[in-house]
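S.K.: Following the hints, put chains D, U and H in place on chain Y, whose structure we already have.
Chains as they are written, first to last, in UniProt numbering: chain Y, 1 to 357; chain D, 1 to 357; chain U, 1 to 357; chain H, 1 to 357.
I should point out that these hints are in silico values taken from the structure, not numbers from a laboratory.
Please read these numbers as outputs of a predicted model, since none were measured by experiment.
If a hint is listed, it holds; no wrong ones were tucked in.
Given that identical chains are not distinguished, each listed pair holds provided it fits within a single copy or across any two copies.
As a list, the in silico BS3-like pairs of lysine-lysine whose alpha-carbon atoms are at most 30 Å apart:
1. 334 <-> 78
2. 269 <-> 252
3. 181 <-> 325
4. 116 <-> 243
5. 236 <-> 254
Listed here are the chains, written in short residue letters.
4 protein chains.
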Amino acid sequence: MLRIGMLTSGGDCQALNATMRGVVKGLSANVQELEVYGFYDGYKGLIYGNYRMLSAKDFSGILTKGGTILGTSRQPFKLMRTPDEHGLDKVEAMKQNYYKLRLDCLVILGGNGTQKTANLLREEGLNIIHLPKTIDNDIYGTDMTFGFQSAVDIATDAIDRIHTTAASHNRVFLVEVMGHKVGWLTLHAGIAGGADIILLPEIPYDIDKIIEAIHKRAASGHGFTILAVAEGAISKEDAALPKKELKEKIKKRKHPSVSYELAEQIFQKTGIEVRITVPGHTQRGGSPCPYDRVLSTRLGAEAATLIMKKEYGYMVGIINGKVKKVPLGDVAGKLKMVSPDDQLIKEAKCIGISFGV
Amino acid sequence: MLRIGMLTSGGDCQALNATMRGVVKGLSANVQELEVYGFYDGYKGLIYGNYRMLSAKDFSGILTKGGTILGTSRQPFKLMRTPDEHGLDKVEAMKQNYYKLRLDCLVILGGNGTQKTANLLREEGLNIIHLPKTIDNDIYGTDMTFGFQSAVDIATDAIDRIHTTAASHNRVFLVEVMGHKVGWLTLHAGIAGGADIILLPEIPYDIDKIIEAIHKRAASGHGFTILAVAEGAISKEDAALPKKELKEKIKKRKHPSVSYELAEQIFQKTGIEVRITVPGHTQRGGSPCPYDRVLSTRLGAEAATLIMKKEYGYMVGIINGKVKKVPLGDVAGKLKMVSPDDQLIKEAKCIGISFGV
Amino acid sequence: MLRIGMLTSGGDCQALNATMRGVVKGLSANVQELEVYGFYDGYKGLIYGNYRMLSAKDFSGILTKGGTILGTSRQPFKLMRTPDEHGLDKVEAMKQNYYKLRLDCLVILGGNGTQKTANLLREEGLNIIHLPKTIDNDIYGTDMTFGFQSAVDIATDAIDRIHTTAASHNRVFLVEVMGHKVGWLTLHAGIAGGADIILLPEIPYDIDKIIEAIHKRAASGHGFTILAVAEGAISKEDAALPKKELKEKIKKRKHPSVSYELAEQIFQKTGIEVRITVPGHTQRGGSPCPYDRVLSTRLGAEAATLIMKKEYGYMVGIINGKVKKVPLGDVAGKLKMVSPDDQLIKEAKCIGISFGV
Amino acid sequence: MLRIGMLTSGGDCQALNATMRGVVKGLSANVQELEVYGFYDGYKGLIYGNYRMLSAKDFSGILTKGGTILGTSRQPFKLMRTPDEHGLDKVEAMKQNYYKLRLDCLVILGGNGTQKTANLLREEGLNIIHLPKTIDNDIYGTDMTFGFQSAVDIATDAIDRIHTTAASHNRVFLVEVMGHKVGWLTLHAGIAGGADIILLPEIPYDIDKIIEAIHKRAASGHGFTILAVAEGAISKEDAALPKKELKEKIKKRKHPSVSYELAEQIFQKTGIEVRITVPGHTQRGGSPCPYDRVLSTRLGAEAATLIMKKEYGYMVGIINGKVKKVPLGDVAGKLKMVSPDDQLIKEAKCIGISFGV
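Bound-form chain Y, shown alone (with noise of 0.2 Å):
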């Protein structure tokens, strides 16, 4: 008898069910008596309790279906070790409620918030499987995060959707792209969409650069310019201010994200107004694309057989090609950031785009 726990945690996005269908397809189909135990809502789940045995037909016509069927929410990992509004230990909780349902294994989808608490409870003694999950491809150890390339779609859609209206009216447009530390979905979906100008959290801002590039751009010949700049954007000024100070700010700022602010500078410096399009959390959202389903297939596949194999401990990610286990405790906390002589953004210079420095 295998006995496994599942759970997704933090934000939603793409291939949740298609990665935990994976999971459970590949036990189903290889060992004999298997009880799959799904927690609801993330964390808290697991914390108070609160679960459901799955089937087989829990897991069918699921590949497809986003969101995830389990529920998640947000745990910050901070408040892991911080007794709850009744004295409850969370961590101890959690522990109990795995002995309790003498649990082989703990499945657990998220991205790196989740991955702490999920390396916080290996420590603890479990055994714990980690499945990256994120539209921000940030997770470290890993080439690829299942919800990327679906976010990737989305946010292109926009873009493209974007550009006839803006190439109608000869006008700017930027468009904000999720992402508030990390920047590879801004980076793909506006090399994707053909934006002009791509604006990331790792590569802090010149406004005088943008401006240039928009110039330029006009000179050239074109009515229009696309930015794609992601959530977390930053100018060189404010990446210079000290890190409480920059909170200070960006808690007094009036508008409600970085691209308002930028609009409003490239407006009093230039008279160019500047429309904004945010497409915000359907970034997250609908039927996962074909290849995160791919990517998800694998990676629960893979999951299984190190649950098989009873080898804990690890996150299944994907390099080079290859899908590997990667040890939870090397990769756990870090951060994957585009660096700016990644060779992407060369190749995005090289035709021409900028990223307003």
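M.R.: Coordinates of chains D, U and H only, in the frame set by chain Y:
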């Protein structure tokens, strides 16, 4: 020899190119000698004589192309009679360019504002055909405008994506749909997307009824609620204000739109956080949907037929499934709004959708 | 207490689930005590008493879901009066199951064949509401059936994709669109996809006219031609044959469909190779388009309203934009075909589309 | 002054235009004086001197455009050394046109056949850069070709749509995916679409194992089964035949493809009807997916960089996520096939997918 001019005016939308293609294909297939002049950027091109002679090649492959190959601009009807900054009488300038090119007819694609100017030019003696474009479907005298169904598709797609996220997180989500004065787009996308609450400019809402609907939905076991809210949705209180006072109030609004205000109110009254998504200009962009392509081809073909019969001064619309000519003078300046007694509203209410009243 | 039965019959299509959801949401929101019985696999479930009681949960999240949660099957009307292999009188069996469950009404979703049986059951004294489903839009008494616009979208997408290939290779391409007896789907998808030649069952073609159209297009400088051909397209010669003889001829056809025969003929007469694409069953599959979701929600809501008013024996259709009840007896067995004089045909001809005549 | 020629050859696919745009944008942004000559219809244009000088405008807005603005044709490598019907030495003709235009480099986009000729021209002393295009992803020396992921998306969409129909009717469906010699496309689309059985040219199938898999699936309570079958799928018996004999057999086949034969066999052995869907050429058509747009932009930019460094004689590929130059002579004529031991095959088997062996 037949000489026609063509221009697209107002906010761009899908199927402008498809419609122009319909007109020109209709004429080309039936008229021996044809000259088509395209004016750039809406009425601006007609005023300042900025145009190009178009060939069959210009209309090849544009059936599926978003935006407008002629460019467009918003030229407020109110200012048409006011001379420009150099003292130019704009109406006279348009007439002169029309006569200089010895046009037999001017085909004008646009929405309500555009239509008013088109009618003005008709009153001034020009031969005009107007084709009803707008994602708002608010043009009087036609059951349907091209652009509308394409925009419904995009707004619905946004709601669909939000659904998976809302369900995974058990949250309340608000999707702001285009439409300042008229709610057809929000109504259709809201029903198509399975929204629980739909707020339209024509049906001022009662905040308490909205909250009631959210609570009712939670009580029936659903963890999430989706609101589809038109840009021009308005509270009962605001709707009761004198127009001037309301304008002032909106100007002073600290939020970019009613959605943010509404979300704040809901939060203050219930503690429930409402996430907002604004698909914005994406709703006007990209390739027209097949429905719009058929509609615009039909309207274009009928416009060509009218021109060949020298029947001018009409808008071409579709009424009860039949394409028909409608005297411009009968419809210009009138708005087609959602009636609270519309059958569609009743049907939506029947299946449990709340309109906040 | 209100007890209704529900079944879906005939070839599946989009928006079956959306329509059932409409009916049940409409009833649930207005009826205190409601029981809904879903019969599996069309009339089969009713004949053999294969059903399940459905709860609100069954209808949650199915607005966007393709296919039918009840399953379907084709049960030829002709054989309904013939006992099954065990001597069971099928009509009597259906009646017995209806009465055993003390149903107030049976809601039947299906196309023409389904409708005939629905009417038969009505004549037998059962309370029936019929909802018009079919990608063919060939049901008499309604302007539109749900499934149609979704199928148009898919067939158009196929033509769109073929366009880029045809243009790159300067080839003649034929896309075979579903529709054995009726050409609405081909007509709409053909126009929306920018096909140059459209062949319908209702307008028998002259092979020489088709070749003429191909040559004419080449002469006008276009390297490629696209044909949209209904499955049931037929040559003038074949259309003139006695029905029996034609049936024999079709049986002996060495090709899987008329498209291959036509392609061969064109090749033999001109040396031009014609590539064939058959999107086939994909045209019935996947999520319903927003247009269909609104339509099916409306029809469903109206069905609910009729049931609550105890008005039975109707099909719910849409006529001139209004949802209406139509006496089943008036429409059952009638087919809505494309008239060669339809306005849409004239408009298509106006822009230069050839119908091979 | 830099003079480059460009041509696209072989079957068209998505992202040909995107790739050419990448090359030209990369050169335009960095080279003062640039002339780009586009040869029409593949090598034909180079042989017969059919070309046009291209401007920046030609490459504007084509990132998302399917097909190729230059046209393409299949010019078999085998016949390149054979004079044409007028006795023209084709290789010499290509060289002459290359030298006449004083080209610095010829950029060739195409698949395996195209690559062989590209290498031939390199051996003849021309400066060549090859860019790997094909929906088959079968080019040796690169992990990925552009066009592949777009084709996966389309084939997967077909399988998705068939899924809803198959599930509603409890049927066995077969989707025939492009790929005569190589199965990558079928493998990826099959996994992404949730196919139960995947048949590839590289893994000859045993009909009895296929039937076993269908029965097993039915036994596990699933009413339907989906097969994803490559055009070049082959039975064990046929694979064992001498090549010549096999060719003869295929010629005599009464069915248009292996799928029909297979369906007949399954029917004869089990009485189960298998419905066939062939998305065909749609798999090569339409706008490239964002993944392909990023890939082709990268390859194009790298090609531009090589040209500027006067490094010729390379294919530009992507290996382990890095864009790299690969000596044409090392890879031309080699095919990258699916190994039965590929990790992806193992993962697919792990989750219960049958390969008919």
